[in-house]
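Let chain A serve as the given structure and place chain B on it in line with the hints.
So the protein sequences, as listed, match chains A and B. Our numbering puts the first residue of the first sequence at 1, with every later residue one more than the last. Our numbering puts the first residue of the second sequence at 1, with every later residue one more than the last.
Don't read these hints as lab results, they were simulated from the structure. From a predicted model like this one, the values you see are computed outputs, not experimental measurements. Treat the hints loosely; a few may be bogus.
[Claimed, not checked] Each pair of labels, with its calculated beta carbon distance range: (1) B/Leu59 to A/His497: 33 to 39 Å; (2) A/Glu309 to B/Asp7: 26 to 32 Å; (3) B/Ala80 to A/Val351: 23 to 29 Å; (4) B/Asp66 to A/His497: 55 to 61 Å; (5) A/Ala58 to B/Gly69: 48 to 54 Å; (6) A/Ser213 to B/His14: 43 to 49 Å; (7) B/Asp7 to A/Gly144: 32 to 38 Å; (8) B/Asp7 to A/Asp355: 16 to 22 Å.
Heads up, the beta-carbon is just placed ideally off N, CA and C, and yes, glycines get one too.
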Amino acid sequence: MTGSSASVTSASAVEIAALIDTGEVSAVDVTQAHLDRIDSEDGALHTFLQVDTDGALAAAQAVDDRRAAGKKLGPLAGVPLALKDVVVTKGLETTSGSRILAGWIPPYDATITTRIKAAGIVILGKTNMDEFAMGSSTENSGFGPSHNPWDLDRIPGGSSGGSSAAVAGCLAPLGIGTDTGGSIRQPAAVTGLVGHKPTYGGVSRYGLIAFSSSLDQAGPLGRTVLDTALLHEAIGGHDPADSTSIPVPMPPVVAAARAGAGGDLSGLRIGVVRELGGQGFTDGYEPGVLSSVTEAIDVLAGLGAEIVEVSCPHFGYALAAYYLIAPSEASSNLARFDAMRYGLRVGDDGVRGLDEVMALTRQAGFGAEVKRRIMIGTYALSSGYYEAYYGQAQKVRTLISRDFAAAFQSADVLVSPSTPTVAFPLGARTDDPLAMYAADLCTLPASLAGTPAISVPSGLSDGLPVGLQIMAPALADDRCYRVAAAVESALDSRRGHPLLQEVPVR
Amino acid sequence: MTAISRDDVAHLAHLARLAVTEQELDLFAGQLDVILASVAHVADVAADDIPPTTHAVPLTNITRPDELGPSLHPDDVLAAAPAAEGGRFRVPRILDEPA
Numbered sequence: 001m002t003g004s005s006a007s008v009t010s011a012s013a014v015e016i017a018a019l020i021d022t023g024e025v026s027a028v029d030v031t032q033a034h035l036d037r038i039d040s041e042d043g044a045l046h047t048f049l050q051v052d053t054d055g056a057l058a059a060a061q062a063v064d065d066r067r068a069a070g071k072k073l074g075p076l077a078g079v080p081l082a083l084k085d086v087v088v089t090k091g092l093e094t095t096s097g098s099r100i101l102a103g104w105i106p107p108y109d110a111t112i113t114t115r116i117k118a119a120g121i122v123i124l125g126k127t128n129m130d131e132f133a134m135g136s137s138t139e140n141s142g143f144g145p146s147h148n149p150w151d152l153d154r155i156p157g158g159s160s161g162g163s164s165a166a167v168a169g170c171l172a173p174l175g176i177g178t179d180t181g182g183s184i185r186q187p188a189a190v191t192g193l194v195g196h197k198p199t200y201g202g203v204s205r206y207g208l209i210a211f212s213s214s215l216d217q218a219g220p221l222g223r224t225v226l227d228t229a230l231l232h233e234a235i236g237g238h239d240p241a242d243s244t245s246i247p248v249p250m251p252p253v254v255a256a257a258r259a260g261a262g263g264d265l266s267g268l269r270i271g272v273v274r275e276l277g278g279q280g281f282t283d284g285y286e287p288g289v290l291s292s293v294t295e296a297i298d299v300l301a302g303l304g305a306e307i308v309e310v311s312c313p314h315f316g317y318a319l320a321a322y323y324l325i326a327p328s329e330a331s332s333n334l335a336r337f338d339a340m341r342y343g344l345r346v347g348d349d350g351v352r353g354l355d356e357v358m359a360l361t362r363q364a365g366f367g368a369e370v371k372r373r374i375m376i377g378t379y380a381l382s383s384g385y386y387e388a389y390y391g392q393a394q395k396v397r398t399l400i401s402r403d404f405a406a407a408f409q410s411a412d413v414l415v416s417p418s419t420p421t422v423a424f425p426l427g428a429r430t431d432d433p434l435a436m437y438a439a440d441l442c443t444l445p446a447s448l449a450g451t452p453a454i455s456v457p458s459g460l461s462d463g464l465p466v467g468l469q470i471m472a473p474a475l476a477d478d479r480c481y482r483v484a485a486a487v488e489s490a491l492d493s494r495r496g497h498p499l500l501q502e503v504p505v506r
Numbered sequence: 001m002t003a004i005s006r007d008d009v010a011h012l013a014h015l016a017r018l019a020v021t022e023q024e025l026d027l028f029a030g031q032l033d034v035i036l037a038s039v040a041h042v043a044d045v046a047a048d049d050i051p052p053t054t055h056a057v058p059l060t061n062i063t064r065p066d067e068l069g070p071s072l073h074p075d076d077v078l079a080a081a082p083a084a085e086g087g088r089f090r091v092p093r094i095l096d097e098p099a
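So that you can see chain A by itself, here it is in the shape it has in the complex (with noise of 0.2 Å):
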């Protein structure tokens, strides 16, 4: 590999787009170097299920085009990008991770999808993710897991963990993700990104294969603050083919992350969540995660924040209403499976009825996760059951929401870690869904409640990364990127580097 071809895959987003726009290479030669590294790299990573290189070559040369002819170039425009595979992209393969949807085509794209080819930013392939997204690791993916780059015997995250592990790893340096109990914030920890979950409604839906509708939520990753923000820009806003999209102006992300790297959060109050890590409330949180954070938030008060405790006491029952509420809505979005529209069928002979048909299809094409989940959103949801199961974790999520409001009356921002260990081993939960699920225990308050948060890298502990989560109320995205641009600002200048420069493998 050439030096260029090497630095330009190391590049952040702005200042791939600065070269593309001033001249100094071209959109073509930017998506050729990340194809290339794709093809070197993702054999050991295996975070595409599907590169589109005849296309990528094609939205690239069409930035060319445009350059060319003088037009004015988005701030995006020729950036290359890894698609979560659980949005929808007209006529390239589209599974959700799922053997019952391996070899569908789209025939339509997702409100997203074209917002990102609109802005020029150029889809290189569909990332790897754990089937439906369920899942904190992309281990129970129909596909076989992802890699995490700075230790290849460990998780990239999940559910997005192949879009973390292709943005840490510069196969792409921007990466689209979905979260619905912590799916972009847990793999950006514990791949040293930064990924945001916007306010619930505020990116489109339409064309997301959904999982959890009161829950998922589509949102950027990237491995800058200023990154990350551009792309939730690019994508924002609102939908008409939504109708759970919020019809408001988006929050000002973008002049939030350039003004945070200013550094100065004098009168900012940021609070410690008690019941997150926080005094009394360590158990099953790693002590180098928890220093870690601690540093980060230190160096938030160096800034000029304000750092006051808060105590939220109902976040304990968020694990449980989460794995209430998701998989009851699972097991009736997942119903449209039925191997009639599309997708596989199964043991269908002439003989057979739809009903046996359809349950050897489900049986053929659904992992043991995903199964489990349709099983339990069945029982939850299931007469005699309702009011104790759904019905409580729905009245949960307000409780949930009204600790948010207390303590959003004392402090600006919440922070936490944004997941209680570092990346584990491949392996070490796959026989135990209830440790699998643990690992969304600080994201899942966030998600319940419909507040945006981000995760930034704080540090590592043992040689691998760990997240700050910021959260903030409702409709105010732009709170987070301020304090993460902020910190990665001060952390980049103390450490002299950006974190992600330490990954072993490139």
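The following block gives chain B in isolation, referenced to the frame of chain A:
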């Protein structure tokens, strides 16, 4: 509160249109029992007077103008079907009589 038997798993799997093997009945019975026992404590929070939450920014009665727009071409949709015939989805028999 919970004790999920093999019969319960078989019933749930039937409701969810999911064929299961004998081994899966045992595996899932144990796992579902553990998971349900661990989430049952949502009931410990007194919440009789608490309304449920679904959206961070409450939205009601979302409509769009009743105007014609583009839709998918039937050929594009049927191209992804497991089986199609005569411009329609071909499905297995839906009544009980043998074919």
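Hint by hint, here is what the structure shows:
no.	hint	result
1	B/Leu59 to A/His497: 33 to 39 Å	violated (45 Å)
2	A/Glu309 to B/Asp7: 26 to 32 Å	violated (50 Å)
3	B/Ala80 to A/Val351: 23 to 29 Å	holds (25 Å)
4	B/Asp66 to A/His497: 55 to 61 Å	holds (57 Å)
5	A/Ala58 to B/Gly69: 48 to 54 Å	violated (27 Å)
6	A/Ser213 to B/His14: 43 to 49 Å	violated (24 Å)
7	B/Asp7 to A/Gly144: 32 to 38 Å	holds (34 Å)
8	B/Asp7 to A/Asp355: 16 to 22 Å	holds (19 Å)
Of the numbered hints stated above, those contradicted by the structure are hints 1, 2, 5 and 6, listed in ascending order.
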